[in-house]
Amino acid sequence: MTASPAVPQLSLDNISVGYGGPIVVRDVSIEVEQQEFVTILGPSGSGKTTLLRAIAGYLRPATGTVTIAGTIASNERTWLPPERRRIGIVPQEGALFPHLDVAGNIAFGLRDKKKARARVAEMLEMVDLSGLEKVRPHELSGGQQQRVALARALAPAPSLVLLDEPFSSLDASLRIDVRTEVRRLLADIGTTAILVTHDQEEALSMADRVAVMSSGRIEQVDAPWTVYDDPSTLNVARFIGDLVELPVTEVQGASAHTAIGWVPIRDHRESESSSRRVVLRPEQLVLVADRGVGPDPQGVPGTVESIRYHGHDSLTSVRLDDGPVVDVRSAGGAGVAVGDPVRVVVTGTARMFADPVV
59 MTASPAVPQL SLDNISVGYG GPIVVRDVSI EVEQQEFVTI LGPSGSGKTT LLRAIAGYLR
119 PATGTVTIAG TIASNERTWL PPERRRIGIV PQEGALFPHL DVAGNIAFGL RDKKKARARV
179 AEMLEMVDLS GLEKVRPHEL SGGQQQRVAL ARALAPAPSL VLLDEPFSSL DASLRIDVRT
239 EVRRLLADIG TTAILVTHDQ EEALSMADRV AVMSSGRIEQ VDAPWTVYDD PSTLNVARFI
299 GDLVELPVTE VQGASAHTAI GWVPIRDHRE SESSSRRVVL RPEQLVLVAD RGVGPDPQGV
359 PGTVESIRYH GHDSLTSVRL DDGPVVDVRS AGGAGVAVGD PVRVVVTGTA RMFADPVV
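Number 416 marks the last residue of the sequence shown (this note's numbering); no jumps.
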């Protein structure tokens, strides 16, 4: 007998949400599997936090169905209030109750007060904060506050945890440490989670899948490496990471001609338009010394205009002899200086899209 497929932990079917007026989330559909970690990534105003609030039950969608663990939480006939959805929430900046100590914050959502003390102790041990039960939030570091907020969200054993940009107020080095620890904890206990963020590195490094939002719609849902290497739209390509865009002058089979020469292209998405462009990541371009020798020199010539050194890599801007400036990412130092003549070589394949309608 074949086992039935697992029920998704969350299912959104054609969700649209407004604030009593304009619709800010439009026709969003996505399924999140049990124990999956999904990030909703988008710029400010894209609708990602509004979508999170609709999942939590703080906003009622204008249309569509929200289903949590097989139970309809919201549609045109049904409405479950937030307290009946078994959802834990980690808000921006943790948002701990300042008048309660650590234990009081963690126990806040627990209904069985007799078992609260044991559950609080269990949560504190899980987030490595045992012994801080009586400490007030203002006495904690930023990282400790985030862990208390996570413990509070997990204490009632929710079926789903929603994280609304919880790391945005932390400094860079602490942010990396805390989000790594949070991801590990959620994986260890097998909790399904959705993280809302505008931080691309955060989304790509933490998620099983990334949902990219723009103007109230989800444009792509894929594994992090697919979203980065194979964006489904020009908008996604532009939002995720650095990009080199080059107008196309001619297409022959699986190659497009640009200012950087003939570039291999993948499947021709949106490529029937007469106005097209290819997109590459800066690490797909390689600098070679321009020694001006040989009958068929590699790459196209240009001159180094600027170098931005980041320690682990360098981003070198090169003015091509044909006019445009392209950015080249190199591991460590670039090995060139401003004013040096170089040649730029393409590696791998590019994506080609129709130019956006202005």
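Keep in mind that a hint or two might mislead.
[Claimed, not checked] With a cut-off of at most 20 Å between alpha-carbon atoms, the simulated EDC-like pairs for lysine to aspartate or glutamate come out as follows:
| # | residue 1 | residue 2 |
| --- | --- | --- |
| 1 | K171 | E183 |
| 2 | K171 | D159 |
| 3 | K192 | E141 |
| 4 | K173 | E183 |
| 5 | K171 | E197 |
| 6 | K171 | E141 |
| 7 | K172 | D159 |
| 8 | K172 | E197 |
| 9 | K172 | D186 |
It is worth saying that the hints were derived from the structure and are not from the lab.
Against the structure, the hints come out as follows:
1. At roughly 19 Å between alpha-carbon atoms, K171 and E183 fall within 20 Å of each other, so this suggested pair holds.
2. Taken as a hint, the K171 and D159 pair is honoured in the structure, with Cα atoms around 16 Å apart against an allowance of 20 Å.
3. Restraint check: the Cα-Cα separation between K192 and E141 comes to about 27 Å, which exceeds 20 Å; the hinted pair is violated.
4. With a C-alpha separation of about 16 Å, the suggested pairing of K173 with E183 holds against the 20 Å cut-off.
5. Distance hint between K171 and E197 is unfulfilled; the C-alpha atoms sit about 25 Å from each other, more than 20 Å.
6. Our distance criterion of 20 Å between C-alpha atoms is met by K171 and E141, whose separation comes to about 17 Å.
7. Annotation: proposed proximity of K172 to D159 holds, straight-line Cα distance about 18 Å (limit 20 Å).
8. The suggested pairing of K172 with E197 is violated, with an alpha-carbon distance near 27 Å, which exceeds 20 Å.
9. A C-alpha spacing of about 23 Å is found between K172 and D186, which places the hinted pair above 20 Å, so the restraint is violated.
When the structure is compared with the earlier hints, violations turn up for hints 3, 5, 8 and 9 and for no others.
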